[in-house]
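> Work out the full structure, taking the sequences as your base and the hints as a guide.
Here is what each chain is made of, one letter per residue.
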Amino acid sequence: MSVAESDKTLRNEPKITPELVAEHGLKPDEYQRILDLIGREPTLTELGIFSAMWNEHCSYKSSKVHLRGLPTEAPWVIQGPGENAGVIDIGDGLAVVFKMESHNHPSYIEPYQGATTGVGGILRDVFTMGARPIACLNAISFGDPKHPKTRHLVSGVVAGIGGYGNSFGVPTVGGQTRFHTRYNGNNLVNAMAVGLARTDSIFYAAASGVGMPIVYLGSKTGRDGIHGASMASAEFGEDSDEKRPTVQVGDPFAEKLLLEACLEIMQKDCVIAIQDMGAAGLTCSAVEMGAKGDLGVTLDLEKVPTREAGMSGYEMMLSESQERMLMVLKPEKEKEAEDIFRKWGLDFAIVGETTPTKRFLIRHNGEMLADLPIKELGDEAPVYNRPFVETPKQPVIDAKDVKHPLPVADALLKLIGTPDLCSKRWVWEQYDHIIGGNTVQRPGGDAAVVRVEEGPKGLAMTTDVTPRYCEADPFEGGKQAVAEAYRNICAVGGLPLAITDNLNFGNPERPEIMGQFVGCVRGIGAACKALDFPVVSGNVSLYNETNGRAILPTPTIGGVGVLDDFTKSMSLGFKNDGDAILLIGEKPSWLGQSIYLRDVCGREEGAPPPVELELEKRHGEFVRKLILDGQVTAAHDLSDGGLAVAIAEMAMAGSRGATLDAAPAGADAHGYWFGEDQARYVVTVKPEQVKAVVEAAQVAGVAIAQIGTVGGDTVAIAGEKPLAVSDLSQRFEAWLPEYMAGTNS
Amino acid sequence: MKSAVLVFPGINRERDMARTLKLVSGVEPAMVWHADTELPAGTDLVVVPGGFSYGDYLRCGAIAARAPIMDAVRAHAAKGGLVLGVCNGFQILCESGLLPGVLMRNSKLKFICHDVHLRVERSDTPFTRGYNAGQVIRVPVAHGEGNYVADDETIKAIESEGRVIFRYCAADGTLGDPYNVNGAINAIAGIVNEGGNVAGMMPHPENHVESIIGSTDGRGLFAGLVAQFGKAA
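Quick mapping for you: the protein sequence lines, in order, are chains Y and C. The opening position of the first sequence corresponds to residue 1 in the numbering used here, with each subsequent residue numbered one higher. The opening position of the second sequence corresponds to residue 746 in the numbering used here, with each subsequent residue numbered one higher.
Simulated from the structure, these hints should not be mistaken for laboratory data. The reader is advised that the hints may include incorrect statements.
[As the list claims (entries may be wrong)] From chain C, some residues computed to sit far from chain Y (all C-beta separations above 12 Å):
#, residue
1, T782
2, P785
3, A820
4, D869
5, R874
6, P885
7, V894
8, D896
9, E898
10, A972
[Unchecked claim] Heads up, simulated DSSO-like pairs for lysine-lysine below, C-alpha to C-alpha not over 27 Å straight-line:
#, chain 1, residue 1, chain 2, residue 2
11, C, K855, Y, K149
12, C, K855, Y, K268
13, C, K853, Y, K149
14, Y, K424, C, K767
15, Y, K568, C, K767
16, Y, K457, C, K767
17, Y, K146, C, K855
18, Y, K292, Y, K330
19, Y, K146, C, K853
20, Y, K424, C, K853
For glycine and all other residues, C-beta sits at the position ideal for the given N, C-alpha and C.
Right under this line is the structure:
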């Protein structure tokens, strides 16, 4: 059908008014762009399609120009950003497929369902590419614990993440949980999924071949989530609760069936192209399949399985009902594929076909609802190079100028029981983290380690970011997020391979927010480049603001590394009395933006610790080699809370104490014990190996010093009150369960 | 030992169970689809694995208990054949009438995943002969509804007939509320039927069979079953 012919059958009812355009989240100049592109007034369905394709969430219109600068290549990268998920080669014919994505806005409106569908969406991204998910991680950020909504949000989000992953059957092995007033009206839920595939059977979205059947699979389409992606592309006001109908409902059972059915038909070689229906549902998935394959797509909506009668074409195109897929099948395999889907009790319907026209045609009961150029829907989306201002530099705080309210031991005991540093056991014990029988290192350590199939390889995985650093200095904060992911993987013996980034920021139309974004992305890029740690997938979540107050800039980094022999992975707990405790890296003193300065001194200020990427690489490689050579008995990276907190964590994990030398003469003791200088690790070594390890460090140009010895049942710093490990553990474990029970605040 | 692992839609620990059966018995188990009506000929042991059959949107295990394959499982059990249900499998066996009682929501109303200690109450069943009576083993739980409940008369019968095979306990084997992770009556973690040939338990012995992944404490259960069928397996 030619454009002219289809125009005749397009019905412009209702008339597109400026109000209707605004309701679709399109700016007047963006609407003009649509008029210029198609040369006529769009139909309502077409307007809906444009709003779905051109919102921030789907088009990356504010972030695109900056994301282009990120390093995305390495010899082991099979697929970088732009597909459902990134793919890396780990050898032996195996590929790891992974991505992280936010579900922030829905999780604030309806925490349980918002979190479940976040997990469901990211799992679909991974198995769409032919990978069986083997691990999930997450990073969740909540408001001030004293805020009346916080407890409810924590409870709902954690139950939702668990509710989906546990039922679907993937272990949730790691994550971060933090609290800060700046997330009061806008909590964050970043979910990451990691899957395993064979390098020779990765599946992509690009359709190929004309006249190929387009098949709809999975759950039925309902009226849920209409305009979900547009909702996620706007700020919140007082009325955010009224947006509840835009949140979808997750069905992990349907997703589990979809997983098994998809993997089965992929194995039977039935699939040409596959795309999951995530944000903007049928619209986005169909356009991507066609556009990536240089083909047109025609859909006949009366064939779409629906949950209720009387759904309009407009609603079907914008529904975000979960657990749905679109596929192009090999025509000769259609019957075989259908039988597999019927076996799993899933809907299977041929809803359209590929065409040579590069047009996106939508018909419903014979009526033409849309006729749009398919490539331009994605390619011609607006791109903004928004104005930005650089975040002003903060003054460097000298530890010696800080007034210390508590002795070191008392400060340590206090810190270990604070919301950010306390044990998150209450959270991860609600997640099945052992299903699969491959979890080598469970949650609570530096990085989780999961065995790959029958071994000997293992994967090390972590999620990291320190938002207060990003706020104070976006460039250093961006670098630090990547460096910490790198360190956490090295600390378990893994070789860091690639990252996924989940960039959560406020309103990009404000130059200072855009400045945070640009600075963080540049920092991430610099670190990825220096550490050979490319970005292979990611997601941008902007407009995380309520009533004009933005979240802390939170570019969460999900890192993946590999161990050639999973049995060599290292844990952080002290193992043997008498082992020497060695500090790798420079002696600390940096208190600016430290947890100590914030939670003990009540000062949230200063420049964050600078990240020297060359040192990160050298120290990380050194620690990894020590671990793989069997020279250390425990290893831990230093981050929030500095040296004292790291030692306490190692003592609690190993249920044994340590005696520690006093801070070096001339150093500020609090700066030494709580400074958050980067590129540092603590390792323990058998006494007879100390000499060899110290010599190896000197040869490698790595600063190293023995700072104490493992043993006893207290953490005893010379000149300080010894702290019983049991008291530390009691405080460490107490805060979160007591908070959730409402008994401590 | 020839074993059959049942697969219902939504079951998700069937792969863990199959791998463990293969590891300990040396024989790959048959995976049996819920819509089938017969077990493979010569099946020694039927295992109903863990997961969320049919999403567990209704009462846990209630739909699976009515699947076509369950008639064959009931017939197998009636002939004295061995049946083991773990987690959702335990719930399914209770719902299908093969075991008494029911699994309610955990007393603290949350899903729990962590290692627990179990006291092996007797070693003269096919499921526990790999252990000594009184032995304490450490295995993980991962469930939201594992709180075993039955009426007084049933509990009395189960206890007087010595049909409790595992109880939640402390590392030294003592019983007490802090160790009873889901609030089960009498800290019951696993039971057998009157014939002693059908067992159900909430914890996951199949996830603790390798020292590098947790521990090997779950191995005794499977090793005992293999021994039951002798080397000919």
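> Evaluate each hint against the coordinates.
Now for the hints, and whether the structure bears them out:
1. T782: The claim stands: T782/C keeps its Cβ more than 12 Å from every Cβ of chain Y (closest is about 15 Å).
2. P785: holds, 19 Å
3. A820: Consistent with the label, A820/C stays out of reach of chain Y, its closest Cβ about 24 Å off (over 12 Å).
4. D869: Fine: 29 Å to the nearest Cβ keeps D869/C off the interface.
5. R874: R874/C is indeed farther than 12 Å from all Cβ atoms of chain Y, at 23 Å.
6. P885: P885/C not clear of chain Y: closest Cβ-Cβ about 5 Å, inside 12 Å.
7. V894: holds, 22 Å
8. D896: Since the minimum Cβ distance to chain Y is about 30 Å, D896/C lies beyond 12 Å and the statement holds.
9. E898: Consistent with the label, E898/C stays out of reach of chain Y, its closest Cβ about 34 Å off (over 12 Å).
10. A972: holds, 22 Å
11. K855/C / K149/Y: holds, 20 Å
12. K855/C / K268/Y: violated, 40 Å
13. K853/C / K149/Y: Roughly 21 Å between the alpha carbons, so the hint for K853/C and K149/Y holds.
14. K424/Y / K767/C: violated, 36 Å
15. K568/Y / K767/C: holds, 25 Å
16. K457/Y / K767/C: holds, 21 Å
17. K146/Y / K855/C: OK: K146/Y and K855/C at ~23 Å, within 27 Å.
18. K292/Y / K330/Y: Distance ~18 Å between K292/Y and K330/Y Cα, so the pair holds.
19. K146/Y / K853/C: holds, 23 Å
20. K424/Y / K853/C: Roughly 17 Å separates the two Cα atoms, so the pair holds.
Comparing the model with each numbered hint stated earlier shows that hints 6, 12 and 14 do not hold.
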